[in-house]
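Engineer: Chains as they are written, first to last, in our numbering: chain G, 117 to 478; chain U, 117 to 478; chain Z, 117 to 478.
For the record, the hints were derived by calculation from the structure and aren't laboratory data.
Computed from a predicted model, the values in this text were never measured in an experiment.
Treat the hints loosely; a few may be bogus.
The list treats identical chains as one, so a pair stands whether inside a single copy or across any two.
Pairs of lysine to aspartate or glutamate, EDC-like flavour, derived with a Cα cap of 16 Å [as the list claims (entries may be wrong)]:
hint	residue 1	residue 2
1	K323	D172
2	K154	E451
3	K469	E395
4	K330	D172
5	K323	D453
6	K226	D474
7	K243	D275
8	K154	E462
9	K389	D172
10	K469	E155
11	K331	D172
12	K331	D190
13	K226	E125
14	K226	E202
15	K396	E415
16	K154	E291
17	K469	E133
18	K189	E220
19	K244	E264
20	K469	D267
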Amino acid sequence: MNNDARLKETISSYDLENISIATVCSHSSLQIFHGAKKEGFHTIGIAVGEKPRFYDAFPAACPDEFLIVESYKDIVSEGVVKKLLEKNAIVVPHGSFVEYLGAENFLSFKVPSFGNKHSLTFESDRKKERKWLEGAGVPIPRIYDTPEEIDGPVIVKFDGAKGGKGFFVTETAEEFYQKIKEHKNCTIQEFILGARYYLHFFYSPVKSTGYQLKKGSLELLGMDRRIETNIDELFRMRILREGSLGHSKNSIQPSFVVTGNAPIIARESLLPKVFELGEKVVEESVNIFGGLTGPFCLETICTDNLEFKVFEISARIVAGTNLFPSGSPYSDFIEPDLSTGRRIAEEIRLAVKSNKLDEIIS
Amino acid sequence: MNNDARLKETISSYDLENISIATVCSHSSLQIFHGAKKEGFHTIGIAVGEKPRFYDAFPAACPDEFLIVESYKDIVSEGVVKKLLEKNAIVVPHGSFVEYLGAENFLSFKVPSFGNKHSLTFESDRKKERKWLEGAGVPIPRIYDTPEEIDGPVIVKFDGAKGGKGFFVTETAEEFYQKIKEHKNCTIQEFILGARYYLHFFYSPVKSTGYQLKKGSLELLGMDRRIETNIDELFRMRILREGSLGHSKNSIQPSFVVTGNAPIIARESLLPKVFELGEKVVEESVNIFGGLTGPFCLETICTDNLEFKVFEISARIVAGTNLFPSGSPYSDFIEPDLSTGRRIAEEIRLAVKSNKLDEIIS
Amino acid sequence: MNNDARLKETISSYDLENISIATVCSHSSLQIFHGAKKEGFHTIGIAVGEKPRFYDAFPAACPDEFLIVESYKDIVSEGVVKKLLEKNAIVVPHGSFVEYLGAENFLSFKVPSFGNKHSLTFESDRKKERKWLEGAGVPIPRIYDTPEEIDGPVIVKFDGAKGGKGFFVTETAEEFYQKIKEHKNCTIQEFILGARYYLHFFYSPVKSTGYQLKKGSLELLGMDRRIETNIDELFRMRILREGSLGHSKNSIQPSFVVTGNAPIIARESLLPKVFELGEKVVEESVNIFGGLTGPFCLETICTDNLEFKVFEISARIVAGTNLFPSGSPYSDFIEPDLSTGRRIAEEIRLAVKSNKLDEIIS
Chain G
117 MNNDARLKET ISSYDLENIS IATVCSHSSL QIFHGAKKEG FHTIGIAVGE
167 KPRFYDAFPA ACPDEFLIVE SYKDIVSEGV VKKLLEKNAI VVPHGSFVEY
217 LGAENFLSFK VPSFGNKHSL TFESDRKKER KWLEGAGVPI PRIYDTPEEI
267 DGPVIVKFDG AKGGKGFFVT ETAEEFYQKI KEHKNCTIQE FILGARYYLH
317 FFYSPVKSTG YQLKKGSLEL LGMDRRIETN IDELFRMRIL REGSLGHSKN
367 SIQPSFVVTG NAPIIARESL LPKVFELGEK VVEESVNIFG GLTGPFCLET
417 ICTDNLEFKV FEISARIVAG TNLFPSGSPY SDFIEPDLST GRRIAEEIRL
467 AVKSNKLDEI IS
Chain U
117 MNNDARLKET ISSYDLENIS IATVCSHSSL QIFHGAKKEG FHTIGIAVGE
167 KPRFYDAFPA ACPDEFLIVE SYKDIVSEGV VKKLLEKNAI VVPHGSFVEY
217 LGAENFLSFK VPSFGNKHSL TFESDRKKER KWLEGAGVPI PRIYDTPEEI
267 DGPVIVKFDG AKGGKGFFVT ETAEEFYQKI KEHKNCTIQE FILGARYYLH
317 FFYSPVKSTG YQLKKGSLEL LGMDRRIETN IDELFRMRIL REGSLGHSKN
367 SIQPSFVVTG NAPIIARESL LPKVFELGEK VVEESVNIFG GLTGPFCLET
417 ICTDNLEFKV FEISARIVAG TNLFPSGSPY SDFIEPDLST GRRIAEEIRL
467 AVKSNKLDEI IS
Chain Z
117 MNNDARLKET ISSYDLENIS IATVCSHSSL QIFHGAKKEG FHTIGIAVGE
167 KPRFYDAFPA ACPDEFLIVE SYKDIVSEGV VKKLLEKNAI VVPHGSFVEY
217 LGAENFLSFK VPSFGNKHSL TFESDRKKER KWLEGAGVPI PRIYDTPEEI
267 DGPVIVKFDG AKGGKGFFVT ETAEEFYQKI KEHKNCTIQE FILGARYYLH
317 FFYSPVKSTG YQLKKGSLEL LGMDRRIETN IDELFRMRIL REGSLGHSKN
367 SIQPSFVVTG NAPIIARESL LPKVFELGEK VVEESVNIFG GLTGPFCLET
417 ICTDNLEFKV FEISARIVAG TNLFPSGSPY SDFIEPDLST GRRIAEEIRL
467 AVKSNKLDEI IS
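With the sequences and hints as input, model every part of the structure.
Structural biologist: Spelled out as structure tokens, the structure:
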């Protein structure tokens, strides 16, 4: 029996009156527990070594129990799996969860998890992700095969460059070659300039009201802009150096490390485009891997032609949703006090009621 | 009978127990419907061609009924007017509403609308608007008649430049002439540097409590900063080009297209100045066209001398208020859960109760 | 009897059923009154000359009574003190309060005030504050004794430069001497580049639940980023001048005047570090002056190595908390509708109940 089939069987044996919601204590876990508690679920925080002390500071987001493991890999051990299954646990994956556990371990994990695990393969592999976006027919930045093709601003990205260090922008092939000799280990991507919008969607395959897709419905729960360090502040240094460029050997170079998030909204007249993006990405996901389920995020730039270019998909809850534990300017138009974490818990509740739990777990 | 008189007559024949609130589905319409529904009004969404699909995603902001028209101009047709009057509709204008319908059509529209239509003439004509601001006695940026007068940083704006394209900053007449030969089709405006604050006010001619003006009262419901694309992100490109300026023929030029909004607050010690600005603008509006009514926005820059310079007035609800469908850091000090959309509905309710509906519609 | 002892005596004679919360009408006073009113306290607004008119616009934050004084110094006069004591007033200090009154006057003020007055001495003296931070063992920017030591980007700050005018960044001793001849009246500080986070903490010496310190507990109530004028907008001018540097005699120079605040959050995985900073600063404060009590703020920069460098401590409520009169993305995980202002009122309530009022006033 493959793991998919095994998990469907597992969930069919769950005590549906006593489901627990579990996740690893990081990333967006406070929000996930906070939402689950509001919906009346038992909650389990999985932590390495010891209970994270800062949870004490947030009683309304503190899980009912902690499951302490020795290492992240330990989460898939027989003992931990047994404990989680005994509690009828549904695990909610987030960015750190999958990163810490490893994609392989997560794919063979014997505890039912919220959403479609197969989205992972497409999210973590840049080429597969690009095919997904192309298949969906949403606007994406052009990739240049050779420097000679450069016909406007491009950003040159190096594989494995930590935090985007060394990335540069250029506008001609000549400039490109002045900066580096070859282009083997770099990607030459169209430089798209505009406002960054991270769009927080939720796709429910089981909800029959709302913005209808071929099957289920699509929601927009919020938007944020990531705070990227140090690129978002580097202009201050440049200004304070009065235009000189900082080329001494100890000068600070641009980097793109996400340290947090700020709340934003988009013009209401852009919402039809926003939903179109979300819809196309969902429908294509249904075609290629059975559909992403639950929260996902499109990372876009809105240009001054009011077009959104999609850079990336996060096929799970993103940390930007942590801005809105009690609702966002968008979720307020759905129902009061609705976070993405709470929406996940609602979805589990709805699936239980309509006897469709197997459609939202994997 | 002129239209003003006709509309007063119309409103006097309305069934005041069954007023509807109607607007065109765009701009800030979700918020307007959301607020009107909370206040218990029947709501009508006017849409061209078909019901906008994204409304399905926001049930708490979805109007009770949609009125589908063939084109925006069709809104003033006899048939549509009849339908709206039958529903005792008060139309709430917003930026897109007036833009789509055309100012002329709106001025002769036979359905009562919230606020004072005559503010439009002053808001849409830059010279009249400037006179309004000058008459109010609020600080505004200097306009230079000739390049020779330039004595500090100025921004040179070209008439009809879409999204602010081609705008540049200069500091001397020489620099000016290096960039352009003549100044016939451009405005030379003092360049004010500082933090941009968009101040969301609400003027009620009928409310007798609160911050009292000669007649009625003034409220501050929120603040935002507009996200201007691409100017707000262009520094990233400049940094990533390591200071080179992007003068190849395909280089990206600055533009100022509003794509969204971000929430901000001002220092509490600035509030007396903020209210003074709002008060002066309202009192002058009473003098010159009978007074603006309801929501309006002053677009300001706060300099490092802590002075606000006013650039523009929006004499109606602005899209930045969409940040606060359940209250802002300012409206929370008035009452919980108060959006500008809800405040409009409250104002209609208040005017009905105090038999002053004719004072807040036109 | 010293003032500390006198105030303990005063508070022991208070009618604990009828405590008033008083503060000067500025800075964060709307929030303080708003929170105190929600907790059912009688509230007193101290204002110079006349009641500030803008309070009329915010009924839910308007104090129950105003105490009009002739000047800020007048607050410590016998007459005013008598009135405050009659009302069993506890005064909540904020940035403007202490600034207007003067530290000396505040230290000898005969009305009990919330928190520990002795924190003031350490907050207002840069050298003492630095010792506090060093003693706490939190990361702080390096101070260079001589220009010759410069080995990377530094910011050169001039003593008493209003709004940070004249500050510049340099990377070498040579560059330093090109710009100024001597370094007597300036500080050469390591230039830390990253995202600015202002962390809003609350330390309760009397609360026994939550994130436990040696005594009492620590809370995180929010975060903001200050809006600094004009430095945060100056890049727009630079871009619009197409890279030219603005060296005409009337050119705009960088400045750092705080005009307001914007809401942000940090990655959840950074919270352990955030609490560690808060904890270390509190524990050291207990060692050196008996402990800061109530709200305080650490002004930090988060680098692309995900390290926080602490620049400053505000040992009292900061204006950035005004963003969250009805709760922040962090306080929502504690309880709904919790502002820092309300938390202060709660703390007074809690101290009264547990008979520990003398531990939270001074």
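Engineer: Take the hints in turn and mark each one as holding or not.
Structural biologist: A quick look at each hint next to the structure:
1. K323 <-> D172: Close across copies (13 Å), not inside one copy (35 Å); limit 16 Å.
2. K154 <-> E451: both (14 Å within a copy, 12 Å between copies)
3. K469 <-> E395: neither (26 Å within a copy, 45 Å between copies)
4. K330 <-> D172: Between. Shortest inter-copy distance 15 Å satisfies the 16 Å Cα cut-off; intra-copy 44 Å does not.
5. K323 <-> D453: neither (19 Å within a copy, 28 Å between copies)
6. K226 <-> D474: Intra 14 Å, inter 56 Å, cutoff 16 Å: intra-copy only.
7. K243 <-> D275: Within one copy only: 13 Å inside, 46 Å across.
8. K154 <-> E462: Within. Shortest intra-copy distance 10 Å satisfies the 16 Å Cα cut-off; inter-copy 23 Å does not.
9. K389 <-> D172: between (42 Å within a copy, 15 Å between copies)
10. K469 <-> E155: Close inside one copy (14 Å), not across copies (33 Å); limit 16 Å.
11. K331 <-> D172: For K331 and D172, only the inter-copy Cα distance (15 Å) is at most 16 Å; the intra-copy one is 41 Å.
12. K331 <-> D190: Result: close neither inside a copy nor across copies, 37 Å intra and 35 Å inter.
13. K226 <-> E125: Cα proximity of K226 and E125: one copy only (11 Å, versus 65 Å across).
14. K226 <-> E202: Result: close within a single copy only, 12 Å intra versus 62 Å inter.
15. K396 <-> E415: Within one copy, since 14 Å is at most 16 Å while 37 Å is not.
16. K154 <-> E291: Close neither inside one copy (56 Å) nor across copies (59 Å); limit 16 Å.
17. K469 <-> E133: Classified as within; 10 Å inside a copy, 40 Å across copies.
18. K189 <-> E220: within (11 Å within a copy, 59 Å between copies)
19. K244 <-> E264: neither (26 Å within a copy, 53 Å between copies)
20. K469 <-> D267: Classified as neither: same-chain Cα gap 56 Å, cross-chain 65 Å, threshold 16 Å.
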